[in-house]
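Chemist: The whole structure should be built from the sequences, with the hints applied where relevant.
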Amino acid sequence: MDRNSSPSPDAYKYQMHHPGVTFGLSYSIPPPPPPLPNNEHALRVENSILQSLNDSLKADVSKLKSENRSLKTEIRTLNETLKIWYGHAEDLRKLVVGFNTSLTGILDLNWNYKEKTAKRER
Numbered sequence: 004m005d006r007n008s009s010p011s012p013d014a015y016k017y018q019m020h021h022p023g024v025t026f027g028l029s030y031s032i033p034p035p036p037p038p039l040p041n042n043e044h045a046l047r048v049e050n051s052i053l054q055s056l057n058d059s060l061k062a063d064v065s066k067l068k069s070e071n072r073s074l075k076t077e078i079r080t081l082n083e084t085l086k087i088w089y090g091h092a093e094d095l096r097k098l099v100v101g102f103n104t105s106l107t108g109i110l111d112l113n114w115n116y117k118e119k120t121a122k123r124e125r
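In terms of the working numbering, the sequence shown has 101 at position 98, counting the first letter as 1, and numbering is strictly consecutive.
Hints listed in this document are in silico derivations from the structure and should not be mistaken for laboratory results.
Here the structure is a predicted model, which means the values were calculated and not measured.
Treat the hints with caution; some may be incorrect.
[Claimed, not checked] Simulated restraints, written as ranges between beta carbons of each label pair:
#1 P40 with L60: 23 to 33 Å
#2 L98 with K66: 29 to 39 Å
#3 H91 with K68: 28 to 38 Å
#4 P36 with E77: 48 to 58 Å
#5 V64 with P40: 32 to 42 Å
#6 A92 with Q54: 52 to 62 Å
#7 Y89 with N57: 39 to 49 Å
#8 V48 with E77: 37 to 47 Å
#9 S55 with A92: 52 to 62 Å
#10 L98 with K61: 37 to 47 Å
#11 P35 with T76: 57 to 67 Å
[To be verified] Once the Cα atoms are required to be at most 20 Å apart in a straight line, the calculated EDC-like pairs of lysine to aspartate or glutamate come out as:
#12 K61 with E77
#13 K68 with D58
#14 K66 with E77
#15 K75 with D63
Even for Gly, the Cβ is constructed at its ideal location relative to N, Cα and C.
Modeler: Dropping the structure here:
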C-alpha cells in the first residue's frame with residue numbers, strides 16, 4: 004500500500020498495485036479541532052461536572068426541605084398531643100389531690116386547700 008501526498012493535508016490517497024490491476028481510493032478526514040487555549044477543554048469538563056453536582060445538590064436540598072416541612076408538621080401534632088395529655092394529667096392530679104384532701108380537708112372552687120376543722124365535743 005502506498006500513500007501519495009495530495010495538495011490538501013486532510014485528503015489522503017491510497018493506491019494498491021496487484022499484478023495487472025491498479026486502483027485507488029481517496030477520502031478526506033476533517034482536521035482535528037485546534038487545541039483550546041488555557042486548557043479550556045479541562046475547564047469545560049470541570050464545569051460540566053460541577054453543574055451535575057449542583058443539580059444533584061439542588062435535588063437533595065429540595066428533598067431536605069420537604070422532609071423539614073413534614074417534620075415540622077409532626078412536631079406541631081406532637082406538641083398538641085402533649086398539651087392535651089398534660090391537661091389530662093393535670094386534671095388527674097387535681098382529682099387525686101382532691102380525693103386525698105377530702106380525707107383531711109377540702110378544696111374550694113379555686114382548688115385552694117382548707118383544713119377541716121375538728122368539731123369540739125361539748
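Chemist: Next, verify each hint and record whether it holds.
Modeler: Okay, the hints, checked on the actual structure:
Separation of P40 from L60 is about 31 Å and conforms to the stated range, judged on CB atoms against 23 to 33 Å. With their beta carbons about 48 Å apart, L98 and K66 fall outside the hinted range of 29 to 39 Å. With their beta carbons about 35 Å apart, H91 and K68 fall inside the hinted range of 28 to 38 Å. The supplied range of 48 to 58 Å is met by P36 and E77, whose beta-carbon atoms lie about 56 Å from each other.
For the pair V64 and P40, the beta carbons lie near 36 Å from each other, so the given range of 32 to 42 Å is met. In this structure the hint that A92 and Q54 lie 52 to 62 Å apart at CB holds, the actual value being about 56 Å. Distance hint check for Y89 and N57: the Cβ-Cβ separation is about 46 Å, which falls inside the suggested range of 39 to 49 Å. Hint check: V48 to E77, Cβ distance near 43 Å, so the stated range 37 to 47 Å holds.
At roughly 54 Å, the beta-carbon separation of S55 and A92 lies within the given 52 to 62 Å, and the hint holds. Between L98 and K61 the C-beta distance comes to about 56 Å, which lies outside the given range of 37 to 47 Å. Taking 57 to 67 Å as the suggested C-beta distance range, the pair P35 and T76 conforms, at roughly 59 Å. Under the criterion of a C-alpha separation no larger than 20 Å, the hint pairing K61 with E77 is inconsistent with the structure, at around 24 Å.
Taken as a hint, the K68 and D58 pair is honoured in the structure, with Cα atoms around 15 Å apart against an allowance of 20 Å. Using a Cα cut-off of 20 Å, the hinted pair K66 and E77 holds, with the two alpha carbons roughly 17 Å apart. The straight-line distance between the Cα atoms of K75 and D63 is roughly 18 Å, inside the 20 Å bound, and the hint therefore holds.
The structure does not agree with the numbered hints 2, 10, 12 stated previously, though it agrees with the rest.
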